[in-house]
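6 protein chains.
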Amino acid sequence: MRLLLINPNTSPSITELMAARAASLLGPEVALRTATGRFGGRYIASRAASAVAGHAALDAYAEHGEGCDAVLIACFGDPGLLALREMASVPVVGMAEASCHLACLAGRRFSIVTGGERWQVMLEEFVAALGLSARLASIRTVAPTGAEIAADPDRALASLASACRAAAEKDGAEAVILGGAGLAGLAERIAPEVPVPVICSLAAGLEATVAAARRATRKPAMGSFAPTPRVETVGLSTALASRFEG
Amino acid sequence: MRLLLINPNTSPSITELMAARAASLLGPEVALRTATGRFGGRYIASRAASAVAGHAALDAYAEHGEGCDAVLIACFGDPGLLALREMASVPVVGMAEASCHLACLAGRRFSIVTGGERWQVMLEEFVAALGLSARLASIRTVAPTGAEIAADPDRALASLASACRAAAEKDGAEAVILGGAGLAGLAERIAPEVPVPVICSLAAGLEATVAAARRATRKPAMGSFAPTPRVETVGLSTALASRFEG
Amino acid sequence: MRLLLINPNTSPSITELMAARAASLLGPEVALRTATGRFGGRYIASRAASAVAGHAALDAYAEHGEGCDAVLIACFGDPGLLALREMASVPVVGMAEASCHLACLAGRRFSIVTGGERWQVMLEEFVAALGLSARLASIRTVAPTGAEIAADPDRALASLASACRAAAEKDGAEAVILGGAGLAGLAERIAPEVPVPVICSLAAGLEATVAAARRATRKPAMGSFAPTPRVETVGLSTALASRFEG
Amino acid sequence: MRLLLINPNTSPSITELMAARAASLLGPEVALRTATGRFGGRYIASRAASAVAGHAALDAYAEHGEGCDAVLIACFGDPGLLALREMASVPVVGMAEASCHLACLAGRRFSIVTGGERWQVMLEEFVAALGLSARLASIRTVAPTGAEIAADPDRALASLASACRAAAEKDGAEAVILGGAGLAGLAERIAPEVPVPVICSLAAGLEATVAAARRATRKPAMGSFAPTPRVETVGLSTALASRFEG
Amino acid sequence: MRLLLINPNTSPSITELMAARAASLLGPEVALRTATGRFGGRYIASRAASAVAGHAALDAYAEHGEGCDAVLIACFGDPGLLALREMASVPVVGMAEASCHLACLAGRRFSIVTGGERWQVMLEEFVAALGLSARLASIRTVAPTGAEIAADPDRALASLASACRAAAEKDGAEAVILGGAGLAGLAERIAPEVPVPVICSLAAGLEATVAAARRATRKPAMGSFAPTPRVETVGLSTALASRFEG
Amino acid sequence: MRLLLINPNTSPSITELMAARAASLLGPEVALRTATGRFGGRYIASRAASAVAGHAALDAYAEHGEGCDAVLIACFGDPGLLALREMASVPVVGMAEASCHLACLAGRRFSIVTGGERWQVMLEEFVAALGLSARLASIRTVAPTGAEIAADPDRALASLASACRAAAEKDGAEAVILGGAGLAGLAERIAPEVPVPVICSLAAGLEATVAAARRATRKPAMGSFAPTPRVETVGLSTALASRFEG
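Residue numbers (the numbering used here), protein chains in the order written: chain F, 1 to 246; chain U, 1 to 246; chain B, 1 to 246; chain S, 1 to 246; chain V, 1 to 246; chain W, 1 to 246.
Only chain F is shown next, with the shape it has when bound in the complex (with noise of 0.2 Å):
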């Protein structure tokens, strides 16, 4: 099984953070191909690095994706999800979705944790975007971003754990998200301390990866996820003109 994970975003050092920890999560028949943003914020912080970062990951899979099974965009928040579902002749997982579909069979409300406050509101709207505000208990950040937590996590681990507790005992999570790509493998050393369940958001989108790989569905006919229709495009990667164009 070939996967792509994508880091939209255009630091080398997360990509290989991420390859680093996939690689102790994955089995032997998982060949896991990385890729890395090429234009765009080397974090993603603000609505604007977002936006161009969906636009990133589109570009990347035109690059890299050929004969992959399936494709995980590796930051949380999802640039590009949509787009690349639609666009992707395999299945395409967003990291932030799969946590958070994952969070409502563990408990009645979850909350997530991520570093950068300018996340707040857009990981609302990511929540409303998928119809779960009903089960969304909070979402709490802490001050540095994930890029400043992967840099140092043995400094952020006491405020995640805290904002963690927080979420289960004022806020009514039943299961907690630790989100973002900086913080892979920080869930299992927090768990610990908190009362419910803490998912981390690779390890929830590489599991929906590899099962969205293994099931081999179809790819849409019909409907928005069908293939993206032709356009003439200018200005684009040769990879992704053409597969704007056929």
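Since the hints were made in silico from the structure, they are not lab data.
These figures come from a predicted structure and were not determined experimentally.
C-beta atoms are modelled at their ideal positions from N, C-alpha and C, and glycine is treated no differently.
Derived CB-CB ranges, DEER-like:
(1) W/Arg218 with S/Gly67: 52 to 62 Å
(2) U/Ser24 with F/Ala221: 24 to 34 Å
(3) V/Ser159 with F/Asp152: 36 to 46 Å
(4) V/Glu245 with W/Ser13: 48 to 58 Å
(5) S/Pro28 with F/Ser133: 49 to 59 Å
(6) W/Thr238 with V/Ser89: 47 to 57 Å
(7) V/Ser162 with S/Ala221: 26 to 36 Å
(8) W/Glu245 with V/Ala143: 44 to 54 Å
Add chains U, B, S, V and W to chain F, keeping to what the hints say.
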């Protein structure tokens, strides 16, 4: 990995049908135990039969759950799901709940096709309780019950396929769940005739159960899925009484 | 007029408490029969006990419902309500359902105050299933369960009154339901201390049951409350089996 | 028990029709006073006529409400309901509000059948304001207005019955409200032809008014139904001015 | 362009305040006519006063609306808005409705700050009726009514500014509406102290009224805003009666 | 007043069409600058093309936005709207967002008629993200895309008018938006055949942009539309990079 599949109705033949189907879907690392309801309806196609089945599911778990790593309630509509998720020390999966969340990953809106018209309203309520009403395109029932379809699947195939197509073409479904124990295995026969993905609820349920067992998340210590508080009981099976009385 | 009050838990003392209270509320034209659950928890303060109680409510009706004009399920949370409404040939009222709709006539938003913290989430789900989430100001639980409050009501009065006042003053409730069989009769003692109407769930349930019996509406012949379709059963009481098997 | 029935339109003949119907529904312990709007439309079938009727309902209460134990606003759509509930010292019931909550106890989803097509959208808004949109199956209007139906009910019976049946058979209604002062008394004639309960809005309103009077709940001292704050007025009837000015 | 500003309360001083403010906001091409309610409360801070004001707004339009190109109902809460939109042959704008939709263009969630605590619930209902509850961050009221603020604005400035800041900082508002005729002109004084845009409801209403007049859209011939159906009336002003009777 | 109209697709002919139309709608005090996407699809009728266009809109603003007073994203569906609203120092208007809010002022429920069937689901999601789903009557698409309609508008007129009429007569729309850059100017030709107001999305967008520029509201200093936090980027145009990097 040891899984327990609970058929909360009282028809061993349906349990066997599912066991056979499961055998073809599960890998060799999975040991599947099955249990059939000790009391209640031969099949479940009413609110009353479903209410009894909720108790029967708890009863079956109390009797057969020891040592299993995860449990699947294998009746589309998931009688007893939240109660058993509270009571059990291991993850509990519902066939309908798992299918609905999976369908959300495949399409913007999904439909459910099942047998037995009384399920129409009950499933609307079920989806609403998940908070997913905005993702539901339609529920379409065909006249025979799931039990009747299980007894003569070939006869029901055309009308099921027709309902699935109508869901996609008229109701805007971008994924269709073929729901019901009795319909296990039919999705792959129907899929070629339907322009959007068709999800087998048994396969979806098994996949989610295996994944849950593998995840080995801790039992919540807080919230509505924390262990059932101890309470004295009367009139229950010894095994179930002991689950309540600790 | 003959009414059946079903206490779906297995504590005859609670049944008697309610019978005594009912006697002071009902006119001489009402003959009240009571029934206590044959199996299940001594009180209901969990999802699991509630699921068993749904079956017990059906069982009690099958045994004792003959000839009654309406039925009240007298446990706040209404286990088995929709199932029994389907099965019974006469109107079935739930104490919580009746209270919530009554509260909507008294105030724009209402709160529920009850005993036993596990009811918090279960009642949120209950109100959501009624479609009334937008009318709910809050649910406040006090530490003792309803059974404990019934055993020593004086001790709980202050904390119940305090919760009711907080619902009005902090949560914006314009009416408060004092929910639970064990709290029957306390509303009138608490009302003078609360600036908005306080509704006793037993009184509300009885009132709705009498009204339903008087109305003598026909049993639906269509929809999800039409008579339970016949189905063969195993392991049920003779009376309940005969309700299913016709 | 003294009740005040306010007909907020200006047709005494409709008031008399309802008084006659009420006489056959109410017991001897109830003294019913009636009042007809002093100003406004002969019947209410528009937003503008309804707005004027809100004022007329307050005006009628100020003139005739002294000493009554509860008030019924007897126009389906309940003009002035929330305003009068605030102003009056006794409970105020709306025919439509009471009917909708009653219908929720009878079926999962309900429909409204009434006369006058302009009520379609106005009633959708009304039901939404109750928070009950998710419980509404449909609103079906027949061409004649309520006033025209009142003048020649036999002529309208067939089309009303047909609309009620369609609500059940096509829209999924599990209960149907026959709404409107002019339709009082027709429900029982139509019921035999409809497979689900048919609710007469006048009967539902009267029943709720009697129950409210009997309950004798205290007037809220807090919230949006606490007594209308004193304010100087101009141009109102002496009675209404004195309600505002205290 | 001729606009009619209707103050539906009966305080000419508030009308004059708004006229003066409007003069500084409108260009020379706009001729503004004003009208004050002929009957009802001196100010509107209750459900009852608001219901009377709905009639008064229709009455004022009937008397003064001839020849105007658009109408503004200049009381935050918009009494009579939908009724007058139906009745009038020209566009009708509500100060609150226009402000809320404008606020949605400025921020993801908005708050309303106004005078008079009784508006809290009434405005929650108003926003819900617009379908905008999900966009509402909070409603904060300060103790003095709008009329009192108008009489001594300097005294209220600090508490209004503080409420606006709290809306942004604690409630997550990304835009704040300063609602109320009596608060006209204060937004620009408060804005420098608030980290998100502050919208003056009078300015927003006037802007929308001018735009509506300029657009010159046709009167709907269908739907709930088509011309008010003719109906005989009694007890209304000659001008209003003639609007109803045609 | 200087406005920037961004056409986020890459067809200068559509930009010119809109510029010509805008010239006839805007007064002499408005200087309109236009920009066409530098990269992406010739027209936008898919999720993928829309995602790229979000980046292209930011790119165009970075290159051409200096000194403008407000920006209009002139593609119905508003790619990049929220991102650009965050990034830009001046107000940013979306053609679809402005049209939807405007439609809410004209009718209780509105419909959207546009070209290109793939917009159906995308626009449902768009309206849901605005929180306006309850106000949406329907979305109706005609077969030709907006680009094809722009190329030969006469040919599409009849089917567009027919869709608008159906929206009013069958779907209950009280206002209809004719959505899409390519349909600019057709509303006034179609309006006479439609019984409810028809809104031209370009006209609505321009009107809102002019109004926003005139209002000169301050840029938020807090919340999700506060200035984009600085972040290092790679691979972007110099102008866009400098917007991100400050």
